[in-house]
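Protein chains in written order, with the working numbering: chain W, 396 to 915; chain A, 34 to 206.
There's no promise every hint is true.
Calculated from the model, a selection of chain W residues having no Cβ within reach of chain A, i.e. all distances over 12 angstroms [said to hold, decoys possible]: (1) S404; (2) A414; (3) S653; (4) E671; (5) L689; (6) T779; (7) D783; (8) R786; (9) P826; (10) R857.
Just so you have them, the derived chain W footprint on chain A, three or more residues with Cβ under 8 angstroms [claimed, not checked]: (11) 133-141; (12) 144-152; (13) 182-191.
Keep in mind that the hints were calculated from the coordinates and are not lab data. Every value quoted in this text rests on a predicted model; they were computed, and no experiment measured them. Yeah, the Cβ is synthetic: ideal placement off N, Cα and C, and Gly gets one too.
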Amino acid sequence: MRSQNSLLSINRLPLEILAHIFDIARMSEWETLGDPPSGSIVRLSLVCHHWRQVALAFPALWSTIHLRDGAIYDFQFAALCLERSKHAALSVVITTLFRGVQIANFFAPHAYRIQEISVLVPFKYSCTKVPAYLSSTCSFPAPKLRTLRLCTAMWGSFDCPVLPALFGGSIHEVTHLQIESFSSWPGHTFGRLTHLALGSQSQYEKRSSMEEFLDLLEANPRLEELLLDDAGPGFDARDSRPRINLPQMRLICFITSSSERALPARVLSHLTLPEECSIRVNRDMNPSRFDELLPSPFPSDLSSLAPFRSLDKLALREDTVEFGEAAMRFSATSRRSGVSTSYRLRGLEPWGPWPEGALLLFLKAIPCAGIRRVKLAMADTFKTFSEDEWRNIFDRLPALEELTVLEHHAPAILAALHCRGSSDEGGVPCPHLSSLQLLRTKDLDVEELLRLGRARASCQHRLKHLMVSPGTGKISCSDHERLRSCFDSVEVVVTEDEPIFEEPEEMMRLPFGKDISGQY
Amino acid sequence: MPTIVSVDDSTVPGEGSSRLLLLVSSDNKHIVVEEDIMSRSRFISKQVEGFEATSQRHAILLPFSSFVLNKVIEYCSHYRGYYLLEDDPDAAPPGRSPVREWDQEFLDVDRNMLLRIIKAAHYLEIKSLVGSCARAIADMIRGKTTEEMREILGVENDFTPEEEHSPSSKCTG
Numbered sequence: 396m397r398s399q400n401s402l403l404s405i406n407r408l409p410l411e412i413l414a415h416i417f418d419i420a421r422m423s424e425w426e427t428l429g430d431p432p433s434g435s436i437v438r439l440s441l442v443c444h445h446w447r448q449v450a451l452a453f454p455a456l457w458s459t460i461h462l463r464d465g466a467i468y469d470f471q472f473a474a475l476c477l478e479r480s481k482h483a484a485l486s487v488v489i490t491t492l493f494r495g496v497q498i499a500n501f502f503a504p505h506a507y508r509i510q511e512i513s514v515l516v517p518f519k520y521s522c523t524k525v526p527a528y529l530s531s532t533c534s535f536p537a538p539k540l541r542t543l544r545l546c547t548a549m550w551g552s553f554d555c556p557v558l559p560a561l562f563g564g565s566i567h568e569v570t571h572l573q574i575e576s577f578s579s580w581p582g583h584t585f586g587r588l589t590h591l592a593l594g595s596q597s598q599y600e601k602r603s604s605m606e607e608f609l610d611l612l613e614a615n616p617r618l619e620e621l622l623l624d625d626a627g628p629g630f631d632a633r634d635s636r637p638r639i640n641l642p643q644m645r646l647i648c649f650i651t652s653s654s655e656r657a658l659p660a661r662v663l664s665h666l667t668l669p670e671e672c673s674i675r676v677n678r679d680m681n682p683s684r685f686d687e688l689l690p691s692p693f694p695s696d697l698s699s700l701a702p703f704r705s706l707d708k709l710a711l712r713e714d715t716v717e718f719g720e721a722a723m724r725f726s727a728t729s730r731r732s733g734v735s736t737s738y739r740l741r742g743l744e745p746w747g748p749w750p751e752g753a754l755l756l757f758l759k760a761i762p763c764a765g766i767r768r769v770k771l772a773m774a775d776t777f778k779t780f781s782e783d784e785w786r787n788i789f790d791r792l793p794a795l796e797e798l799t800v801l802e803h804h805a806p807a808i809l810a811a812l813h814c815r816g817s818s819d820e821g822g823v824p825c826p827h828l829s830s831l832q833l834l835r836t837k838d839l840d841v842e843e844l845l846r847l848g849r850a851r852a853s854c855q856h857r858l859k860h861l862m863v864s865p866g867t868g869k870i871s872c873s874d875h876e877r878l879r880s881c882f883d884s885v886e887v888v889v890t891e892d893e894p895i896f897e898e899p900e901e902m903m904r905l906p907f908g909k910d911i912s913g914q915y
Numbered sequence: 034m035p036t037i038v039s040v041d042d043s044t045v046p047g048e049g050s051s052r053l054l055l056l057v058s059s060d061n062k063h064i065v066v067e068e069d070i071m072s073r074s075r076f077i078s079k080q081v082e083g084f085e086a087t088s089q090r091h092a093i094l095l096p097f098s099s100f101v102l103n104k105v106i107e108y109c110s111h112y113r114g115y116y117l118l119e120d121d122p123d124a125a126p127p128g129r130s131p132v133r134e135w136d137q138e139f140l141d142v143d144r145n146m147l148l149r150i151i152k153a154a155h156y157l158e159i160k161s162l163v164g165s166c167a168r169a170i171a172d173m174i175r176g177k178t179t180e181e182m183r184e185i186l187g188v189e190n191d192f193t194p195e196e197e198h199s200p201s202s203k204c205t206g
């Protein structure tokens, strides 16, 4: 049976590849299912003799040690993992609010190889004892610590939450820092951060000042990612303070409640960012309050924010999941980065009058002159949009060359693209438009398409390429021929596939601080 | 090691903006591809550097079928000119493979094909593709019991009774 297994394709992969697969499987189980990674690797090692040999040959696969609430047995299993992980760097996950001293003593002999510590206090223990627990648990020295996550809800606390001194205060080598609830950390200095995530600073009046926050950013010029999730500074910075240059920054995310919607623009107005940096703003939206759309998610002065300079693609979607929640999302991207605003829906439907206002605010906040490609996937939200309303949007996109429309009602969109005079007089919407893709559109009328094609051709703004994937009805061979008289090329396709909304990675992935949700 | 054979100039079409490479699959299919497209492959890049040293044109023989090779070329063509962190030899390796929407569609193939692609990507040293394939395979077994994993991948339980009942095999965390 062993020789039979050895012939299987999966068992003929190079060992390091199979180990890599195990690593991804164990970590993704942790991220999505909350299963301890070392538990997963045990299951994998029990599949067959070969898998067991591979699991045992790669100590790093045993390097995540998880101590859970009320599981005495965890210490035995943790000891086994410590043994099997040999000299591999350790990642320690603590999801309990008890046995702090025992945990500290258990890890102290191995502290020299601990690179990551995550204290993820379960919500049921969201109480004022958290600082004392952290003091007792994180009392051993951790000279190699690089990643520290303190996900510690403290809903019962009315005092100013101050982070106590941890690991003897010597954690200045930390590069990845995630802190929830605590808004200040006297005694700890950070100067090597590449990833910073602050969350759940629900006590607005106790937050650090903008000056203190900017001091922290200034002290960490190698920052690559910043997440402010219901957290951030107050608004007290001097306007005269020079902007802080963060040349390595690749991703800034704001997740804001309705009461702090001005925060992103205020923080961004103090920064100088490189072209490679993506900026994502996610807001709560109360659909009964139009004023909550304001102010703009981005500052009015974009001169120091290079990501805004090369935006050439716009995607408007109502079916996205942003930071793990259903959202409506507007994004503008370049090849390497982008900016987006999204709205948490939380059970709300993304239609009603406010999305149009939100979209126009977004289009006003970004430089639209360079947008050459647009994907529209807001069929439900904009189903009542009139020709004038579409026209209002298209008029903001003078350089548009390619328009992709998914599942929308076609007539108003097509009517809005008609010429109404010469291009000199501004009578030609999107004068550079050459490619139109109508995917699974509703109420598609071939006569209307022909009229559009002829009208644009007659005013020297011929549409070159048309792709049609009818959602209702069908296009006959004769219709196909007639369409070819108005467009250089016509493709009629039948597709049930979802179109791909390709965006730079930083626009899509979960940032540090949101990458392990659901595990505690 | 791959076998490298000299080819007649006429075998390779004329040069355009990017030079052309001749890749020969294990089923002896000759595939001409622009060098730019395959520059994501560290293996191919190293081969090309070798060509430059000898100023000769060569074909590169690869130990996998044209079907698999075409899939790899499709992947490289899609990401032509795109910066992917995993493929940057000078960048620190990312902690984990990012999920790319297009890759998920691209790798929606049967298990055996997926395993062939990951082997080819490993051979060609295309780390981003190795990472995406590994994630796709990991997704197949994620959250599954040991028995379910055996069933999905057609693996038999080949432990001896002693191994199966060893104390450490009882630990499941």
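Hint check:
no.: 1; hint: S404; result: violated, 4 angstroms
no.: 2; hint: A414; result: violated, 10 angstroms
no.: 3; hint: S653; result: holds, 30 angstroms
no.: 4; hint: E671; result: violated, 9 angstroms
no.: 5; hint: L689; result: holds, 32 angstroms
no.: 6; hint: T779; result: holds, 29 angstroms
no.: 7; hint: D783; result: holds, 34 angstroms
no.: 8; hint: R786; result: holds, 31 angstroms
no.: 9; hint: P826; result: holds, 28 angstroms
no.: 10; hint: R857; result: holds, 28 angstroms
no.: 11; hint: 133-141; result: holds (count 4)
no.: 12; hint: 144-152; result: holds (count 6)
no.: 13; hint: 182-191; result: holds (count 8)
Violated hints, listed in ascending order, are 1, 2, 4; each of the other numbered hints is respected by the structure.
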